[in-house]
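Peer 1: Residue strings, one per chain:
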Amino acid sequence: MKFNNRNVHISATATIGKNVRIGDNTTIYDNVVIGDNVTICNDCVLGEPTSAYYQNEESYVNKPTYIGTGAFIRSHCIIYAGTSLGEGCITGHRVTIRENTIAGKHCLISTLVDIQGNCKIGDYSRIYSNVHIGEQTVIGNYVFIYPYTIFTNDPQPPSTTLSGAHVDDYSIITIHCKVLPGVRVGKHCLVGANSVISRDIEEYSFAMGAPAKRIRDIREIPSKMDNTESYYPWPYHFERGMPWQGIGYDKWVEDRGVADNG
Amino acid sequence: MKFNNRNVHISATATIGKNVRIGDNTTIYDNVVIGDNVTICNDCVLGEPTSAYYQNEESYVNKPTYIGTGAFIRSHCIIYAGTSLGEGCITGHRVTIRENTIAGKHCLISTLVDIQGNCKIGDYSRIYSNVHIGEQTVIGNYVFIYPYTIFTNDPQPPSTTLSGAHVDDYSIITIHCKVLPGVRVGKHCLVGANSVISRDIEEYSFAMGAPAKRIRDIREIPSKMDNTESYYPWPYHFERGMPWQGIGYDKWVEDRGVADNG
Amino acid sequence: MKFNNRNVHISATATIGKNVRIGDNTTIYDNVVIGDNVTICNDCVLGEPTSAYYQNEESYVNKPTYIGTGAFIRSHCIIYAGTSLGEGCITGHRVTIRENTIAGKHCLISTLVDIQGNCKIGDYSRIYSNVHIGEQTVIGNYVFIYPYTIFTNDPQPPSTTLSGAHVDDYSIITIHCKVLPGVRVGKHCLVGANSVISRDIEEYSFAMGAPAKRIRDIREIPSKMDNTESYYPWPYHFERGMPWQGIGYDKWVEDRGVADNG
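Protein chains in written order, with the numbering used here: chain L, 9 to 270; chain P, 9 to 270; chain H, 9 to 270.
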């Protein structure tokens, strides 16, 4: 139904892998590199040019845009030149990712997410619907960001300073949070709904409020699932789509030989 | 201006009623059923296939999608297969409704609303701009949900459990509220701006805060309109587009023979 | 890359200035007036007809829509008939502006902003991503509205009363604020993240909270930039894109002969 090559325009300088599907009404601009087994749905724009293009169309050169092997881009996404999505990344609809953002492998970037450019997102992280990520934000691996959370970057608005926030591996920031410029959320944190994260949060914290404060250690949060043990660190209880799926988190850590015990 | 049959693609298996207008650049996929007197504006996608389609295009069968008589779908909407919008429903622009959601008749679903699928929405309910509705949410009849409110469904993120919230008839949830998994908001409630609804709210409550608590009975809220009587239950004071328009709420209830006294 | 005249449709009654670029898949409806040196990117809709069009296509006349000299409209915007964007305005992607909204010159209206119609926005104001502006809101000059802030207009929902808020010149409303119907934010205010603005805020206030209350005078907020002086009023410290760029705010005020000393 979707792949009829109607109103599809692909630059002669784009590189398209094997077994790639490109939906109707999609445009792929110069120097986009698409890996094998990628699906780009309808009405997408890949390699969207940066502002410099409009100033001088003749001399402008579009930076390369990479879409990794097996990625799946739903309809109506706009991905700028200079951005790279790793192997197996999945997007929702109407995602906008500005220039020079690097997302790792197997990330999920859901419907209406707006990433402003020059950001880093690690592997296996999930950015849910309508999250707004300001420039220079850095998000680690296995991180979950829930709907309508915002990452800001201007420490004293309006200014020309850009100071992105950092979220370390395995942390969860739930819905409608406000992450203020330059703060760092340590690894394995859980931040409650509607929090204003205005100061650094140490690792393994369950934090909430405005300003968000550490309430307790995440390992002390009882499980709502079975009432017997703590649910956190979550990798011991959740594996769908994670690299430890089918083998368990402990075994995966052991196999990697990494000194990261969750 | 809008209906020139340019770049319009309609599946041979779609069923189109009488007096239907379909805007330019709109695509209608397999097994969409459109009632009489429907307007679908430009750049829409109806019957968007589910994930299974991409796994096997050959064997995939698109579930029927229903657009009721007299419905009006504004531009740039994406409505998935298996979803049904009742008679007289109206949407804003850029609405996304995933699979198997059933909306009743005469609902309003405004610009940028994102409904994640497997939801139920009753009759005459109004979902305003940029509301996000997680899977398995159930919204009753004559309900108002105001902009940027979110319905979540994961009781302990990240988990694979889905527990949608319920909002009963005649309730109003104002802007920027966070409705947590599995909670129930009783009928005729009013929830103030920016609340976190983390526990059930009993019927006829005016509630607010984080967590949202009952402040008083809605029937004790003075009217801002005339300073003489309570504004709530609102059906006695508001009728535009409601089934009691022109006859009044009491008469309508009496005519229906329903033991629902507002 | 963008301007190939593919699937571009321009009404015979539109007026297009000199040196105008119009992107692929863009539609320009009746009576749109585009100034010189304007760029309209791809997949835009300008002069979107109002509801009356659908009721009687034959008799409907589209109100004029104005796009000022040098404006730059990014892709996927929908701008309704009767709306006017001043000279040098810039938009992000997927902006929706309904009918009869008047924006002054050199405004920025970022990605996913949703302006509901019949609003006024002054000169040089910046509306950042995903701001929602209800009908009849009035925003002054040199105002900054940060992401996910909402302007509402219904004093007792649901009602048929529309009471827009006002934000006076030079004020800043930061992220995730809720501006309630009919309130007025005086000039040179700064409102902190996540505030609920339910009462008027007097000029030069730094306010925050729910409800937002004056915490102190903005002139008492220390600068985070150099720790020596107050950062506010901001025009003394920020000039990028402002009319006082290169000459300083004091000199600009003096040159204008305006008794506004910031």
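Where hints are given, some of them may not hold.
Which copy is meant is left open, so a pair is good if it fits within one copy or across any two.
To be verified - The calculated DSSO-like cross-link candidates involving lysine-lysine, where the alpha carbons are at most 27 Å apart (straight line), are:
{"no.": "1", "residue 1": "Lys232", "residue 2": "Lys221"}
{"no.": "2", "residue 1": "Lys259", "residue 2": "Lys221"}
{"no.": "3", "residue 1": "Lys128", "residue 2": "Lys71"}
{"no.": "4", "residue 1": "Lys128", "residue 2": "Lys221"}
{"no.": "5", "residue 1": "Lys232", "residue 2": "Lys128"}
{"no.": "6", "residue 1": "Lys221", "residue 2": "Lys113"}
{"no.": "7", "residue 1": "Lys221", "residue 2": "Lys26"}
{"no.": "8", "residue 1": "Lys259", "residue 2": "Lys232"}
{"no.": "9", "residue 1": "Lys113", "residue 2": "Lys71"}
In short, the hints are calculated from the structure, not lab data. In this text, all values refer to a predicted model and were calculated from it rather than measured experimentally.
Peer 1: Now tell me, hint by hint, if it's right for this structure.
Peer 2: Hint by hint, here is what the structure shows:
1. Proximity of Lys232 and Lys221 under a CA criterion of 27 Å is satisfied in both settings, with 22 Å inside one chain copy and 22 Å between copies.
2. In this assembly of identical chains, Lys259 and Lys221 lie within 27 Å of each other by CA distance neither inside one copy nor across copies; the values are 33 Å within and 45 Å between.
3. In this homomeric assembly, Lys128 and Lys71 come within 27 Å of each other (Cα to Cα) only inside a single copy, at 17 Å, whereas the closest approach across copies is 38 Å.
4. Taking the shortest alpha-carbon separations for Lys128 and Lys221, only the intra-copy value of 26 Å comes in at or below 27 Å, while the best inter-copy value is 37 Å.
5. For a Cα distance limit of 27 Å, the shortest separation of Lys232 from Lys128 across copies, 26 Å, qualifies, whereas the shortest one inside one copy, 33 Å, does not.
6. In this homomeric assembly, Lys221 and Lys113 never come within 27 Å of each other (Cα to Cα): the closest approach is 32 Å inside a single copy and 43 Å across copies.
7. With identical chains, the CA atoms of Lys221 and Lys26 are never at most 27 Å apart, being 50 Å at best within one copy and 57 Å at best between copies.
8. Taking the closest pair of Cα atoms, Lys259 and Lys232 come within 27 Å of each other only inside a single copy of the chain (25 Å); across copies the shortest separation is 47 Å, beyond that limit.
9. Taking CA atoms no more than 27 Å apart as the test, Lys113 paired with Lys71 passes inside one copy only; the shortest distance there is 20 Å, against 32 Å between copies.
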